[in-house]
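Asker: The sequence shown begins at 1 in our numbering and counts up by one.
Take these hints with a grain of salt, some might be off.
No more than 25 Å apart at the CA atoms, straight line, and that leaves these computed lysine-lysine pairs for BS3-like [unchecked claim]:
hint	residue 1	residue 2
1	K59	K23
2	K121	K59
3	K24	K59
4	K59	K131
5	K131	K103
6	K333	K305
7	K388	K103
8	K64	K23
9	K32	K257
10	K103	K513
11	K121	K103
12	K388	K131
13	K131	K64
14	K257	K305
15	K305	K513
16	K388	K64
17	K131	K121
In short, the hints are calculated from the structure, not lab data.
Fair warning: this is a prediction, and the values are worked out from it, not measured in the lab.
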Amino acid sequence: MVMANSNEASRHDGFDGLTQPIKKAASTKADKIAILSSEQNRSWIEFQDRVARLAGGFKQIGLKQGERVAILAMNSSTYTELLYAVWWAGGIVVPINIRWSPKEILHSVVDCEAAFLCVDKAFAGLSDTLKPQAASLRHIMHMDDGGGIDALRIETLITSASPIEDRARSGEDIAGIYYTGGTTGVSKGVVISHQAQVHTARAIKVATGMADDAVYLHAAPMFHAGDSAGGGGAAMAGATNAYIPSFTPEGFIAAAKEYQVTHTMLVPTMIGMLLDSPDFDLEALASFQAILYGASPMPEGIIRKCLERWPTVSLIQGYGQTESLPITILPHKYHCFEGEFAGRTRSAGVPALDCSVKIVDEKGENLAPGEIGEIAVQSPANMTEYWKQVELTSLAVQDGWIHTGDGGYIDDDGFVFIVDRIKDMIVTGAENVYSAEVENAISTHPAVAQVAVIGIPSDQWGESVHAIIVTQPSQTCSEEEIIAHCRESIAGYKTPRSVEFRTEALPISGAGKIMKRELREPFWSEKGRSIS
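Model the full structure from these sequences, guided by the hints.
Answerer: Spelled out as structure tokens, the structure:
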């Protein structure tokens, strides 16, 4: 068996329920600031009181243990209060992707049989559409001043209800149902237990070094598993939470300066936007200690640019999926191109806290170091199941191992390298080409802002390598220039056969991933299949 194991010892803090860290913070750091917001700062003891009162409000209006509470909202301190109040009351949270269409939102609400839907004013207008079509919905709850005069408001529940005792859900009790981003098909509800989500928070706290003096900025969407992991790590550390409603470079920089932010979670596209922004200001970002990034690979070009433009911040990669997070961690010291730690920037790092990783072939047999196959993970953070999807669960979870659908290999030193989504692999002339490798080569060209590589139909080769590029503002390059640039670092059969330039940003999912399925569709719509 070929397996990479975490070399890091477990941190036994006794937590196996998500409300336990905030109770500890409230008892040991009562007056320390838990929430920084434009409305009002709140200490940990105040935060716990509001959570307990909101849980009491939920009980008052009929929330039963194990019922689902869906949340459709932009980032805010109320979002955090809602999460912990639902857990305190014994419910299950269902964070909803804010970039979905009304049809996709309705699907998740109906699929999980949500009893409550919490919305902010950005989504209040959907209430009248959703409620008649979702038979399970008993209440629409408003997180701010959206909705009509008679709207049921979160703040009213907090101020009018009495606090209740924590239901103390923990262990294998379900904490949340997190719907996948849908980049590869119909979204599935990933069931995560309290102990799994606690482990994720613990692993992120260890990886980022967050302590109680940290200020964590919720900049990635809060429905996203990555931000949930970062926020959980902050709670585990008893750190402070700050918020921006959604990511923009200027909003991020302003919040960093105002709140003296030390940690955040971003996706690579956000980091690229930040570094290219005319508002980028090293002095305004001076408080930063670490950025956790994930959701998609970081192109080498962005890593180099970050090391040059923002040398004071530590980059930490967390590779994982909604089904298991994190799987691997690449610490900052390996984000370099010279010296003893060089050569690891294209890896996803080593297995995270208490994780085991192996590479298997199509039959599930273990592969040797360097051989490419499917990445499988065994971790305390593994999902319980796909909600109401027995067959899909049995395919994804085999003998306690989650089969990720990601292709990769493990080197002799235990570093995991991801080469592609299995479905994104391009087979051209009987050769396997991994789009991530080609994208990495293209990303180092100075004119490239965004790139996606897909396979398109070819009568001669079955599939041919096609690159879709968005250039930097005021910069241009040619197809010939891109192909020549690629030939300097990758084999000829891997270089693009064709290059397409676009002026608009590539389609991005709510989780920050490029929607390659949408990019492939026009090329394959009349072929009956999306890959060769």
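Asker: Next, verify each hint and record whether it holds.
Answerer: Now for the hints, and whether the structure bears them out:
Between K59 and K23 the alpha-carbon distance is near 20 Å, which keeps this suggested pair within the 25 Å criterion. The straight-line distance between the Cα atoms of K121 and K59 is roughly 24 Å, inside the 25 Å bound, and the hint therefore holds. For the proposed pair K24 and K59, the alpha carbon gap of about 23 Å is at most 25 Å, so the pair holds. The hinted pair formed by K59 and K131 meets the criterion: a straight-line CA distance of about 21 Å does not exceed 25 Å.
At most 25 Å may separate the alpha-carbon atoms for a hinted pair to count; K131 and K103 meet this at roughly 13 Å. A distance of roughly 16 Å separates the Cα atoms of K333 and K305; the hinted pair therefore holds under the 25 Å criterion. Restraint check: the Cα-Cα separation between K388 and K103 comes to about 19 Å, which is no more than 25 Å; the hinted pair holds. Between K64 and K23, the direct Cα distance comes to roughly 22 Å. Compliance with the 25 Å bound is thereby established for this hinted pair.
Distance hint between K32 and K257 is fulfilled; the C-alpha atoms sit about 20 Å from each other, no more than 25 Å. Distance restraint check for K103 and K513: the Cα-Cα separation of roughly 20 Å lies within the 25 Å cut-off, and the hinted pair is therefore satisfied. For the given pair, K121 sits about 19 Å from K103 by alpha-carbon distance, which is consistent with the 25 Å threshold. Annotation: proposed proximity of K388 to K131 holds, straight-line Cα distance about 22 Å (limit 25 Å).
Using a Cα cut-off of 25 Å, the hinted pair K131 and K64 holds, with the two alpha carbons roughly 19 Å apart. With a C-alpha separation of about 21 Å, the suggested pairing of K257 with K305 holds against the 25 Å cut-off. For the given pair, K305 sits about 20 Å from K513 by alpha-carbon distance, which is consistent with the 25 Å threshold. Using a Cα cut-off of 25 Å, the hinted pair K388 and K64 holds, with the two alpha carbons roughly 20 Å apart.
The hinted pair formed by K131 and K121 meets the criterion: a straight-line CA distance of about 16 Å does not exceed 25 Å.
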